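Undergrad: Residue numbers (the numbering used here), protein chains in the order written: chain A, 1287 to 1640; chain B, 102 to 357.
Hints are computed from structural coordinates only; laboratory data are not their basis.
There's no promise every hint is true.
Using 25 Å as the maximum straight-line C-alpha spacing, the simulated BS3-like pairs for lysine-lysine come out as follows [said to hold, decoys possible]: (1) K142(B) / K1521(A); (2) K1485(A) / K232(B); (3) K1368(A) / K1404(A); (4) K1521(A) / K157(B); (5) K1583(A) / K142(B).
Now the stretches of chain B that chain A is said to cover, found in silico as 3 or more residues with beta-carbon under 8 Å [claimed, not checked]: (6) 120-128; (7) 164-173; (8) 186-196; (9) 215-229; (10) 281-287.
Because the structure is a prediction, the values reported are computed rather than measured.
Glycine is no exception: its CB is placed at the ideal position from the N, C-alpha and C atoms.
Spelled out, the chains give:
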Amino acid sequence: MPKAACRFLVTLWGFICLFLICAPSVSFCADIGNCLLCHKYPGLSRVDENGKLRLLYINEAIFNTSMHAKVKCEGCHPDIQKIPHDPAKKVDCLIQCHIVEPSSEQKFSHKDVAEFLKKSVHSPLDADGKPKPFPEDFPDCKKCHDNPLYRPMSFNKMMLPGISVTALGRCRVCHKKDDFIYQFYNHVTTRLRRSRNPKNIAESCARCHDNPILMKRHNLSTKAVYSYGESFHGKAATFLDERIPDCLDCHVNPGESVHQMLGYKNPQSAVSAQNKGRICANAECHPSATPKMAEYKVHAEFNLNQSPVRYYFTVFFIALTGGTLLPLMGIIFLDCLRRLFPNTVLIQRKKKHE
Amino acid sequence: MKHQPLEGQRLFIRLNRSEKNQHLIFVVCFIILAVTGFMVKLPEEIIALLGEHQQKLFYYRSIVHRVAGTIMALASVYHVGYLFLSSAGRRWFIDMMPRPKDLKEMFHNLMYYLGTRETPPEFDRFSYKQKLEYGALIAGTVLMTGSGIILWTESSWDKFILDIAAIVHAMEAVLACMAIMIWHLYEVHLRPHKFPIDNMWLTGVIPEEEMKEEFPLHYKKIMENPELQRIYIVGEPPDRHETGPRIPLVDLPGIN
Chain A
1287 MPKAACRFLV TLWGFICLFL ICAPSVSFCA DIGNCLLCHK YPGLSRVDEN GKLRLLYINE
1347 AIFNTSMHAK VKCEGCHPDI QKIPHDPAKK VDCLIQCHIV EPSSEQKFSH KDVAEFLKKS
1407 VHSPLDADGK PKPFPEDFPD CKKCHDNPLY RPMSFNKMML PGISVTALGR CRVCHKKDDF
1467 IYQFYNHVTT RLRRSRNPKN IAESCARCHD NPILMKRHNL STKAVYSYGE SFHGKAATFL
1527 DERIPDCLDC HVNPGESVHQ MLGYKNPQSA VSAQNKGRIC ANAECHPSAT PKMAEYKVHA
1587 EFNLNQSPVR YYFTVFFIAL TGGTLLPLMG IIFLDCLRRL FPNTVLIQRK KKHE
Chain B
102 MKHQPLEGQR LFIRLNRSEK NQHLIFVVCF IILAVTGFMV KLPEEIIALL GEHQQKLFYY
162 RSIVHRVAGT IMALASVYHV GYLFLSSAGR RWFIDMMPRP KDLKEMFHNL MYYLGTRETP
222 PEFDRFSYKQ KLEYGALIAG TVLMTGSGII LWTESSWDKF ILDIAAIVHA MEAVLACMAI
282 MIWHLYEVHL RPHKFPIDNM WLTGVIPEEE MKEEFPLHYK KIMENPELQR IYIVGEPPDR
342 HETGPRIPLV DLPGIN
């Protein structure tokens, strides 16, 4: 082979290797604005005007497994037009992003969710459209949601999280791009159930419903998530059981958006006096349950005003335990003492024959 | 397990074969129930250490707990049958009945502990402590079985009943475990002359010296009655001891 040809081939091979090393890894992330140029560095952060440390690092691998992986950075941060940019505004989840919703072929937005939220007990406005007391306490999107990760189901593994390789093989029969297959599989199977397990959902609700300041402000009488945690459902949720009912299972009517949660005084609410008897008897939970099962205070606590019977039963057993064990421990102590001094007699009794 | 007597020493039967087996079943079931029951109260930090096995463990925990509870409940029913259908059981029941004498003995015993009496009371077959413990066992088993059945058949009950059953089940469990760990273990195994373990729960017998010291009244009764000697002393002719319902029902004279 002539020398020139050899040199050409070596140079070409070098370019190919350089391209393979430098080429971006396969990803879903639509980083057209090249935001990761800076945001890929761990530790990228700043202290904002309120003195709060804000981490600005984006972990690309994690982001690519999130539900917003296909949304461009500019989709949520439309105010950023140049690099380096000014401090970004807060993300507004109700704006239209570049994703096209396939059934309506319109640009996607979460506006409908906001409409549901307006009708719910979590709306900062009352039925007449006037602000409720302490409107700042009511949750917006980001109070409950972050950027959730996909939790695909593997049907061949008893519904445990994971991707079914067998199912992917069936997808590949018709679809060619692995990116598309993974994203579609993840999206569909994640949405067949909640994006979070019962424990995470309870923790999310606890941010407000176990906060004593917020509870006092809004006249809430129960630490809802604490009492849930004390129940058998809560215990199982702690063990990461996915089949256990969480807050949303009981407080939202089946088939409705979880954002349309109504107060217990609303007759249409799942937990209203008229409806709550049906909650436990749900076909997926306790189909043979009597309506009375849910009619007592579900979030009963050790509180005299809230549930006196429970309170007195608990006090009785505490007294019984203390009243039983303390005398027993006293007898044990005396028994040990007597064995240490077996011949000690404090009061000499007169013997009969004397 | 056989107790090896010293030369010339007689052995006295405290638990016959059936009673030993009933006790053993109770011990095993109690430990399983306590472990699987209190797992529900484990702190989250410890549960987190179980990683992906959490769900499976919780699932099998509930099955094992129910199986042990059922066996214990059946053993309790068997014990009731044993008490009334066998002569050994009837003797047990009669000897275990609380009497005014027990109050006197309790007072006497406290006075002895406090140093105002020179000698401890002379106990019969069961002391007031053992009677109290047995009564607590019956009450505890009834409460735990009842509340456990309610919690197991949760669909049939009001939430109110379930809440009460959950409180009773949990708090009675704490009381029972504490009583066993503090009282029963001390009384049976940890007392200085028994430490570290009293084999009686496995052998069913105690030596004569111990019998004289712990249950002097019962010892006297046995030594005065040949019929009781046949029942309670190992090796007394005929060498056969009652083992529960399999033994033909015989009413023995001269008991208490």
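Undergrad: To test your reading of the hints: which numbers does this structure violate?
TA: Numbers 2, 3, 6, 7, 8 - these are the hints that the structure violates, sorted from lowest upward.
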